[in-house]
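Q: Sequence:
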Amino acid sequence: CLPPAPVVVPASPTLPGIADTEDLDLFVTQLGDSVWDVDRRVFDHALDSPRVRVIPAEENGSRIGVRLYGLRRASLLGRLGFQNGDTLVAVNRNPILDGAAVVADVRRTAASLDRVVVAIVRRGVPLTHTYLLRGAPNG
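Add 1145 to a position in the sequence shown, counting from 1, and you land on the number used in this note's numbering.
Hints should not be assumed to be uniformly reliable.
[Said to hold, decoys possible] Per label pair, the in silico range of CB-to-CB distance:
(1) R1208 / L1171: 31 to 39 Å
(2) A1219 / V1270: 21 to 29 Å
(3) P1201 / G1280: 26 to 34 Å
(4) T1174 / E1204: 28 to 36 Å
Read the hints as simulated data drawn from the structure, not as lab findings.
Note that the structure is predicted; figures quoted are calculated from it, not measured.
All C-beta atoms in this analysis are idealised placements derived from N, C-alpha and C, irrespective of residue type, glycine included.
My request is simple: use the sequences and hints to build the entire structure.
A: Below, the structure is given as structure tokens:
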């Protein structure tokens, strides 16, 4: 029995390896209200080119995380469950306090794990998103 053939993915100007947003279904599957199965390459790509504005979020004078703006629903981050105005609070229980460091923090966390849990606040309501990463970690 031969091993399965590697996936050959056509090129795209917006997301290398993905021809259009319909092809995201091959790489991102929502399993429940707050759980996604995600190909690690797509997760890494979302970190490489988030295409959103990230600004500090404060509450009662204290930094509570970073807020996402300019996020489109059909974008990769949108398909991963994020919405414009979401506040990222923590990744795997590690607080997100610096917008400049958020990508490095998430990448470091995801590099050695198959599950990433992101705590967010959406319109004042705390939520948790869980991403089950499939595929080998990028070295």
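Q: Hint by hint, note whether the structure agrees.
A: These are the hints, each one checked on the structure:
1. R1208 / L1171: 31 to 39 Å: At 38 Å between Cβs, range holds.
2. A1219 / V1270: 21 to 29 Å: With Cβ atoms ~23 Å apart, the hint holds.
3. P1201 / G1280: 26 to 34 Å: holds (32 Å)
4. T1174 / E1204: 28 to 36 Å: With a Cβ separation near 33 Å, T1174 and E1204 satisfy 28 to 36 Å, so the hint holds.
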